[in-house]
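The residues making up each chain are set out below.
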Amino acid sequence: MPKKKKSKKEEREEREELKKQRLAAIAQKREEPIIQIDSLSESLREEDQRNIEYMASEESTTSAELDADEKIIQKEKNAYQKEMDSFREPVIYDVPDFLLDSEREDERREIMEKLKFLLKHRFSLITIADILETNDYSKLDEIIERKESTYTAIEKYSAEEEKSKIKLFSGFKRVVGDDCSRIYAEQEDRMKAVLTILTEGKYFKEGLDAEELTKIIEDIVASVIDHPEFNLACQIEAEFMMFDAERAEKALADLRSRAELKELLGELRTISRTAAERAHAYSVMEKLITGRDRKIIPPGEGEER
Amino acid sequence: MDVREKKEKLWKQEISLVDLTTEEVEELKKSFQKDLRLKKQELNRINKDIRAMKSKIESWSN
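Residue numbers (this note's numbering), protein chains in the order written: chain C, 3 to 307; chain H, 10 to 71.
Just chain C, with the same shape it has in the complex:
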């Protein structure tokens, strides 16, 4: 029996079906790389989507073309990764010799006591971070000497001057802001973690080797150092702490004075604007009553023009 000839409609439907199958095959083939490059930038994904659409519109895609696309995507992915890596500077941290040598326990304790002293006095944590990062412990004595010769705001006030102290610190908090204090506190905990590792000799207890120890310290120190807000908080606090009480009070008085001047200027602007508006309103009213083109004439003083 002769095969029934397909109608035009059937042919069109068949073509549509084939087209759908091809699109599904293309989409399936492309799906895998999309998942793989999930971490890539949005622009790359958009580009990928455009490629799919372009290929679908062409209705003909060979595996060779797909492979070529894969290579392009991989190339772009590598370039992107390289660019991202260029923003990250590797932290180089060498575990100091005295930490790895159990016979140098006294030296370790001495250095840690000095670091703890700085931490206890809330001396700029960034200074401690710098020392840990560079392993330059020779700076410690110099810093401690400076610290002791510095008449800090805290020490200046005795217990009897509690009110002044509170006033001073509320002023400091206002300058630094709650966020900075919070960040500072978070980072201080990290720094304490570094010191705990070093002072308690956890690497001995937990059997950490030099590489593991380096990794731990490196991570914590890097997290403290690479934090712009923390650096800012440290800077402000260090500057504040370097003030003697008199200077700190002067600085706060200056801040208040500037705030008052700002407020004064605001009030003056408002009053000047109100006065100008009312003066204008008055002159308009005056013109209406007494001027040539007066619209209002007092009773018994004449007739309207």
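The hints are simulated quantities; they were obtained by calculation from the structure and are not laboratory data. Fair warning: there could be bad hints in the mix.
Heads up, simulated DSSO-like pairs for lysine-lysine below, C-alpha to C-alpha not over 27 angstroms straight-line [stated by the list, open to error]:
1) C:264 <-> H:16
2) H:21 <-> C:289
3) H:63 <-> C:264
4) H:48 <-> C:264
5) C:22 <-> C:11
6) C:264 <-> H:49
7) H:57 <-> C:289
8) H:49 <-> H:38
9) C:217 <-> C:116
10) H:48 <-> H:63
11) C:264 <-> H:39
12) H:43 <-> C:264
13) C:116 <-> C:194
14) C:289 <-> H:48
15) H:65 <-> C:264
16) H:63 <-> C:289
17) C:264 <-> H:15
18) C:264 <-> H:18
19) C:194 <-> C:122
20) C:289 <-> H:49
Following the hints, position chain H against chain C.
Only chain H this time, still in chain C's reference frame:
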């Protein structure tokens, strides 16, 4: 730059508070306080004139 020039620049916002020293801030504060007193007097005078005119107009309608 004398006080008048500093005041003018600050008023026109050509300079900001951070450009001023502590002494300048104090100096300008005194000067602006004087201006504020004068301006308040001026506003009171205008308000008084407006009230007088309002009474005059109201008296016509009586």
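Problem - Violated hints, by number in ascending order, as checked against the structure - result: Numbers 2, 3, 15 - these are the hints that the structure violates, sorted from lowest upward.
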